[in-house]
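Colleague: Listed below are the residues making up each chain.
Protein chains: 2
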Amino acid sequence: MTTVSRSSKPVDADALDGFDHETDVLVIGFGGAGACAAIEAAEAGAQVIAVEGASGPGGSTAQSGGEIYLGGGTPTQKACGFDDTADDMFAFLQAALGPHADETKLRAYCDGSLDHYHWLVDHGVEFRPTLWDSPTWMPLTEDGLMWLGENSHPFDEIATPAPRGHRPPMAAFAGMLLMERLVATATEAGTDVHTDTTATRLVLDGGRVVGVIARRFGDLVTYRARRGVVLTTGGFVDDEQMLAEHAPQLLGHGKVSDGRDDGSGIRMGAAVGGALRRMGTVQTALSLVPGLTARGIVVNALGQRFINEDTYPGLISEAGVHHQPNPIWMIIDEAGYEEVPEIDRMGMVPTFVDDDVAALEAATGIPPGGLAASLDTYNRFADELGTDPHFHKADRWVRPLRGPLAAIDTRLGFAGAEGVPPSESTGASGFTLGGLRTTLDGEVLDVDGEAIPGLYAAGRASAGIHGERYISGTSIGDGTFFGRRAGRAAARA
Amino acid sequence: MTTVSRSSKPVDADALDGFDHETDVLVIGFGGAGACAAIEAAEAGAQVIAVEGASGPGGSTAQSGGEIYLGGGTPTQKACGFDDTADDMFAFLQAALGPHADETKLRAYCDGSLDHYHWLVDHGVEFRPTLWDSPTWMPLTEDGLMWLGENSHPFDEIATPAPRGHRPPMAAFAGMLLMERLVATATEAGTDVHTDTTATRLVLDGGRVVGVIARRFGDLVTYRARRGVVLTTGGFVDDEQMLAEHAPQLLGHGKVSDGRDDGSGIRMGAAVGGALRRMGTVQTALSLVPGLTARGIVVNALGQRFINEDTYPGLISEAGVHHQPNPIWMIIDEAGYEEVPEIDRMGMVPTFVDDDVAALEAATGIPPGGLAASLDTYNRFADELGTDPHFHKADRWVRPLRGPLAAIDTRLGFAGAEGVPPSESTGASGFTLGGLRTTLDGEVLDVDGEAIPGLYAAGRASAGIHGERYISGTSIGDGTFFGRRAGRAAARA
Chain A
29 MTTVSRSSKP VDADALDGFD HETDVLVIGF GGAGACAAIE AAEAGAQVIA
79 VEGASGPGGS TAQSGGEIYL GGGTPTQKAC GFDDTADDMF AFLQAALGPH
129 ADETKLRAYC DGSLDHYHWL VDHGVEFRPT LWDSPTWMPL TEDGLMWLGE
179 NSHPFDEIAT PAPRGHRPPM AAFAGMLLME RLVATATEAG TDVHTDTTAT
229 RLVLDGGRVV GVIARRFGDL VTYRARRGVV LTTGGFVDDE QMLAEHAPQL
279 LGHGKVSDGR DDGSGIRMGA AVGGALRRMG TVQTALSLVP GLTARGIVVN
329 ALGQRFINED TYPGLISEAG VHHQPNPIWM IIDEAGYEEV PEIDRMGMVP
379 TFVDDDVAAL EAATGIPPGG LAASLDTYNR FADELGTDPH FHKADRWVRP
429 LRGPLAAIDT RLGFAGAEGV PPSESTGASG FTLGGLRTTL DGEVLDVDGE
479 AIPGLYAAGR ASAGIHGERY ISGTSIGDGT FFGRRAGRAA ARA
Chain B
29 MTTVSRSSKP VDADALDGFD HETDVLVIGF GGAGACAAIE AAEAGAQVIA
79 VEGASGPGGS TAQSGGEIYL GGGTPTQKAC GFDDTADDMF AFLQAALGPH
129 ADETKLRAYC DGSLDHYHWL VDHGVEFRPT LWDSPTWMPL TEDGLMWLGE
179 NSHPFDEIAT PAPRGHRPPM AAFAGMLLME RLVATATEAG TDVHTDTTAT
229 RLVLDGGRVV GVIARRFGDL VTYRARRGVV LTTGGFVDDE QMLAEHAPQL
279 LGHGKVSDGR DDGSGIRMGA AVGGALRRMG TVQTALSLVP GLTARGIVVN
329 ALGQRFINED TYPGLISEAG VHHQPNPIWM IIDEAGYEEV PEIDRMGMVP
379 TFVDDDVAAL EAATGIPPGG LAASLDTYNR FADELGTDPH FHKADRWVRP
429 LRGPLAAIDT RLGFAGAEGV PPSESTGASG FTLGGLRTTL DGEVLDVDGE
479 AIPGLYAAGR ASAGIHGERY ISGTSIGDGT FFGRRAGRAA ARA
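If you're matching them up, the sequences are chains A and B in order.
Using the working numbering, read the first sequence as starting at 29 and increasing by one per residue.
Using the working numbering, read the second sequence as starting at 29 and increasing by one per residue.
Keep in mind that a hint or two might mislead.
[As the list claims (entries may be wrong)] In silico DSS-like cross-links for lysine-lysine, where the CA-CA straight-line distance does not exceed 30 Å:
no., chain 1, residue 1, chain 2, residue 2
1, B, K283, A, K37
2, A, K133, B, K283
3, B, K106, B, K133
4, B, K133, A, K37
5, A, K283, B, K133
Quick caveat, the hints were computed from the structure, so don't treat them as lab data.
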């Protein structure tokens, strides 16, 4: 066989001496999107092999909070007392993920959401019929439902609010439990999983993708796919060069991934002519404590507020990290601080405390009068009206901030890059949302908008339902939903 | 010949019955980058044909202000009393175009800037030795030098300030004069210009780019390039689908272009495996009057200031349009308004005028107290210290704003989309900065970082020296500088 470098460029089938493995559908990467593609392909009667570079399945989905954005009136929503419709879900997501979310994909996603809920439940995923009813990143409970900003401004006026964050019954990082179930289902359905196997190049036969070349430890292994190859390799936050080329705003921040989101599938797809879409769109999480932000205010380096602090913390993070002068500070009084149980504070403690706002400004480096002006305006309306007419934090959370105030430096928190000393941390981390341009069925399109025969993509190797923003649950939601469609399409090809 | 659709995909040389035209170097698109590529290639002894889709040469450069970002101690700078170094130029551009500007390209650009100045002058471009010494988009004079933010915060502390915006002697849109000279030089050097000729597909011979297929009115015309094809087709702001795929933040805004920045060169390059870079980076101009902004304040929809208003208006625009709640308002008192000559106000007039700030808030929709808080803080320090400790506008422009104040709605201004009624205008327009990934010599790289034989790109068909921001003069600067290198490299291939 010809020597194969670490290139992403395709190899001609003629250059290979046959294939080591052969199957109908070949799934590359065995996380959330890959598992769902494999299940659907196998249930459609196709023989399926999934190759995964890690030593076990799960991908980045297994390392996540495991939220899946679902709605339209799921049994879990109903059990918690909420009606919901696909139209309200669509209206919310268009606003929250927008501007410029892909309407066709988003419409299909919302219209198919109730069915997707049932499919997940039928395939082993459990959602407890209880709601966590307060802003949070991930509940430290087994509650099956959570808000993701639907009841916060401006979304509460755009669509009838209903919580749509569905999650398996595990405290905090429930993605592990989600993937345990999906992997078990995929395996039972007949998926043959090849771990420690990293696909590096697609194999072409006259313009059609017919397989891949992979590395397993020192060896090259070749796979032939009779019906299709589905790229579910994840995003590219772990590849510094791709970040610099496409999403430089994440350089220097931490990475939300399993360490293997190296963009390999995107590069393999691009190398056979696959078009890219929205490669600069990212998710970002800043070290914010939702219980504290809702009860206090969040300000930028000049002491200015910039968003309603009771909305989903991912939206506060995106606005703060990418659109405001940093650092970002959480400002809270003693009463608000004490209301949040220590475990929910996620290790965050006051950086500076002072009775005197001017002293707090000096300590934080906020220019004189910057924080005072924000507090004056906030407290005046909180006092007089009990409302927040500037940023529309819900009345539930509005009251004047009094007495000694704490300023908490978000750079010192939990969401920064691992191994980075606090003095260099940004307190933020993220992952990428752009990728290959695909149809609703995961077909990878070329620059002319034509499908590349034999090639499919889903999950973060593709561009999904996201506009310029992100809400938790929509990456696993989009990945599992369109992963299923890609698996089905490949099986019937 | 095979039927050729509007596809961007390459054609095999074998599929053609010879070529209609043959040359050494083929330049696609005859704007600023194309003209410089053609001049260098011709002066290196190559036969050069330039094909241009419009009926005349000039491209978007001819429709622009014609500023070229040059420094390092040019004779024009020296005549105006400024010393400058390549290192100061680099430090400024790294900050102003950053974060995440391409350091290698930026270093080469700055180190070669003085030479590029002399080359431009030697090839017919004139810069008068006089300075326009006030913030502006483009002087309505024939001054040869202008500031582009170098003397504003934070850049005045990052590098020794020197004005580096060089421009031909013509009021406002001097790009026409620039292109008149460069086109004349290119033609005299022997470039054969084929207008009304739109290249649509590259021609490949065994992995090497050897020509293009073009349309001229109803006919197909084929070109063979013995040494190389240089893509200088501009960006993609005129292609709504590419905008939606790559730079959706410009959707709905106006377009800064000659109407032909359709991304065709980027698509042709991508279709032969060219890698893309920074496709989401854009330039944006909001309808701001620099004389008014410097003398007043600029606030967002909540009445908050967000930048020093004396910096280059392109930076205020970028911050305002893409990072702040819109609309953006210019706030000015009568004294400040009257100081700016009517011709410099560019048609902008007060939208609302009132003695009472609360009434102005009500008229503009700024929430109660939002504008008042900004004015209180600004006026307090202007009164007491004559400085702006929050945003660091230069003392020269700082004085309290008193008496009746005008609020000017930037949506109603000159920079919006043509033909859009004022009620739907955003007051902003822009162009794209991302494109094909290239080496310093304009070689187009594939996803593995290897050069595609025979293919070069420069100007806005390529990704240049820009990070996440833009300064005027750097697009024509980068396009002419790296266009020259691409032309030389193609000629010697």
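Colleague: Give a verdict on every hint.
Modeller: Hints, verified against the model:
| no. | hint | in the structure |
| --- | --- | --- |
| 1 | B:K283 - A:K37 | 36 Å, violated |
| 2 | A:K133 - B:K283 | 27 Å, holds |
| 3 | B:K106 - B:K133 | 25 Å, holds |
| 4 | B:K133 - A:K37 | 26 Å, holds |
| 5 | A:K283 - B:K133 | 27 Å, holds |
Violated hints amount to a single one, hint 1; each of the other numbered hints is respected by the structure.
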